[in-house]
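S.K.: Given only the sequences and the hints, what does the whole structure look like? Please build it.
As given, the protein sequences belong to chains L and E, one line each in that order.
Residue numbers are given in the working numbering: position 80 of the first sequence equals residue 80, and the series is strictly consecutive.
Add 1000 to a position in the second sequence, counting from 1, and you land on the number used in the working numbering.
These are calculated hints, taken from the structure and not from any lab test.
Heads up, some of the hints might be wrong.
[What the hints assert, rightly or not] No farther apart than 27 Å at their CA atoms in a straight line, the calculated lysine-lysine pairs in the DSSO-like style are these: (1) Lys1099(E) with Lys71(L); (2) Lys57(L) with Lys1003(E); (3) Lys57(L) with Lys71(L); (4) Lys57(L) with Lys1099(E).
[Said to hold, decoys possible] With beta-carbon atoms standing in for the labels, derived distance ranges: (5) Thr110(L) with Thr1079(E): 29 to 35 Å; (6) Met1059(E) with Ala96(L): 16 to 22 Å; (7) Glu78(L) with Lys1052(E): 22 to 28 Å; (8) Arg59(L) with Thr1056(E): 35 to 41 Å; (9) Gly16(L) with His1040(E): 26 to 32 Å.
[What the hints assert, rightly or not] Calculated Cβ distances over 10 Å to all of chain L for the following chain E residues: (10) Thr1026; (11) Glu1055; (12) Asp1067; (13) Gln1109.
Yeah, the Cβ is synthetic: ideal placement off N, Cα and C, and Gly gets one too.
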Amino acid sequence: DTGVSQNPRHKITKRGQNVTFRCDPISEHNRLYWYRQTLGQGPEFLTYFQNEAQLEKSRLLSDRFSAERPKGSFSTLEIQRTEQGDSAMYLCASRAGVSPLHFGNGTRLTVT
Amino acid sequence: DAKTTQPPSMDCAEGRAANLPCNHSTISGNEYVYWYRQIHSQGPQYIIHGLKNNETNEMASLIITEDRKSSTLILPHATLRDTAVYYCIVVLNSGGYQKVTFGTGTKLQVIP
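M.R.: Quick look at the structure:
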């Protein structure tokens, strides 16, 4: 168990640019989740994959956001035309079956 | 899904037991109580979970009231490394994380 890996750990970008984050879940975990966390708040659900299928998306996930999980392995979260309000920690978590969530250490995005 | 209520902050002397309360008065019969904690700049870490019975593992104990409307997480001998934000959530074990609200949790400060 090498844990959930997220890259990059930090990303600074200018408003209007596109960014992409990667999450590598624990290898046998078929369920993958993306969350967003702003300062002083708990994680907020963004989207959920079971294997390669994206089964649910939060209304927080505007049309500038897209997530993929090709082949049911790693996942990417892309934000197009970033805005200052997108500045946050983006967390990925995975689980197998009914096991607890295992979180990565997140990607901290700063939009200037 | 049931929402939870936690005190925003608590202090605990090092070496003493830390008792963190959580109210979940609208919990349904098949929802579990989960506790996670988040140390600064890291992703949340699973601690313990339970349905009806009290649970204990190497990290903590979980006491759930008979009516299941509240619970208490107990860290028996708090150390400085237990300083973190603790989240109590209720979730369907079969896959309800999409609807979970983590809230703002309890910020536990362990004092030397």
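S.K.: For which of the previously enumerated hints does the structure constitute a violation, in increasing order of number?
M.R.: 7
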